[in-house]
Amino acid sequence: APGRGYLLKVAIAQSFAYDTPLPAMASMDFGNAPSEPRSSFSLVASGSEGTAGSGFGPPEWESPVGKEHSMTIYAAVEIGGQRLEDAGALLSIDEAGLTAGTASVMQGPAGKLYQLTAWSNAVSGSEMILKVYDPSNGIVRDLSPSLNFSANGIEGMIVNPAVFIARALDNIEVWRHRNFGSIENLGLGLDTADSDGDGVENLLEYFTAMNPNKSDRMASLCKRVGANIEFIYTRNKSATDVTATVEWSDTLGDDWSSEDVTENVISDDGETQQIKAIVPIGGTRRFVHLKVTH
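Mind the numbering: the sequence shown is residues 181 to 474 in the working numbering, read in order.
Calculated from the structure, these hints are not laboratory results. For every residue, glycine included, the Cβ atom is placed at its ideal position computed from N, Cα and C. Be a bit skeptical, because a hint or two may be false.
Capping the alpha-carbon separation at 30 Å, the derived lysine-lysine pairs in DSS-like fashion look like this [claimed, not checked]:
(1) 417 <-> 456
(2) 247 <-> 292
(3) 471 <-> 394
(4) 417 <-> 471
(5) 394 <-> 417
(6) 403 <-> 456
(7) 403 <-> 292
(8) 456 <-> 394
(9) 417 <-> 403
(10) 456 <-> 471
Label-pair restraints from in silico Cβ distances [stated by the list, open to error]:
(11) 410 <-> 316: 52 to 62 Å
(12) 397 <-> 242: 41 to 51 Å
(13) 302 <-> 324: 39 to 49 Å
(14) 333 <-> 418: 38 to 48 Å
(15) 435 <-> 267: 27 to 37 Å
(16) 391 <-> 435: 47 to 57 Å
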């Protein structure tokens, strides 16, 4: 009926939740609410590997000079089960935080590989970590297994290179790298951080395809249609590694529920979808939030 309204509460949650202060309950009663819905967005939440090269370009790896001993490594690199053979791919080996050698991908007699010379002042025993720069996304990755340096040693063969592996990245890690220069859930890239100060935390920005470096508002629409509340929001189709649930409560207590909530896709541009969630209106008041978990 005219003169009735409801409060839309958009929330983000990880493994726990807390509620920020809300207006006095009298301001949310149906009888006292304005004819248009009121929206209050309160959020509820719970280089190293993954960094870019200099200026988000290839890293400035250089083989050292003045080292006494060397060993040769013939290597193939796999990421997520696929060989990394792209032009521009770079391999390096790290000793105690310093580059001990570097190589570009090359064509061998049995396919593409990396022929890398590692340098050290130790004769043996120094652990070395291989790193690879993937030009397809500009990300530096640690590889396993590590190696122990052995002067004049040879690892792998040109016709049968040693295989070094990096795990496939989650989509949210690629998103963090693109926006913050690191795949880590730390600092500006933390799921619960709000680096642009717009009141929307990174996890919700990721799921709803917002720009975490631009202060903007979450694109959503909430309205009453007959005996239901219709809540329309944007979903990033690449955000398959997080879970979103539209929930409702009549008390803002511990009774949040998704019971009888139905959703359908109303548009799809290939990268994002517009989702309409239908929530029964309930009694004299009802609160709705979008809960995103990772």
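Checked hints:
1. 417 <-> 456: With a Cα-Cα distance of about 15 Å, the restraint between residue 417 and residue 456 holds, given a limit of 30 Å.
2. 247 <-> 292: Cα-Cα ~28 Å, so holds.
3. 471 <-> 394: The given pair, whose Cα atoms are some 22 Å apart, holds under the 30 Å limit.
4. 417 <-> 471: Holds, at roughly 17 Å.
5. 394 <-> 417: 20 Å, holds
6. 403 <-> 456: Measuring from Cα to Cα gives roughly 11 Å; hence the hint holds.
7. 403 <-> 292: Violated: residue 403 and residue 292 sit about 58 Å apart, past 30 Å.
8. 456 <-> 394: Status holds; Cα separation ~25 Å.
9. 417 <-> 403: 24 Å, holds
10. 456 <-> 471: 15 Å, holds
11. 410 <-> 316: 52 to 62 Å: 40 Å, violated
12. 397 <-> 242: 41 to 51 Å: 46 Å, holds
13. 302 <-> 324: 39 to 49 Å: 21 Å, violated
14. 333 <-> 418: 38 to 48 Å: The hint (38 to 48 Å, Cβ to Cβ) holds, given that residue 333 and residue 418 are roughly 43 Å apart.
15. 435 <-> 267: 27 to 37 Å: At 57 Å between Cβs, range violated.
16. 391 <-> 435: 47 to 57 Å: Violated - the Cβ-Cβ distance for residue 391 and residue 435, about 34 Å, lies outside 47 to 57 Å.
Hint compliance for this structure: hints 7, 11, 13, 15, 16 are not met, and every other hint is.
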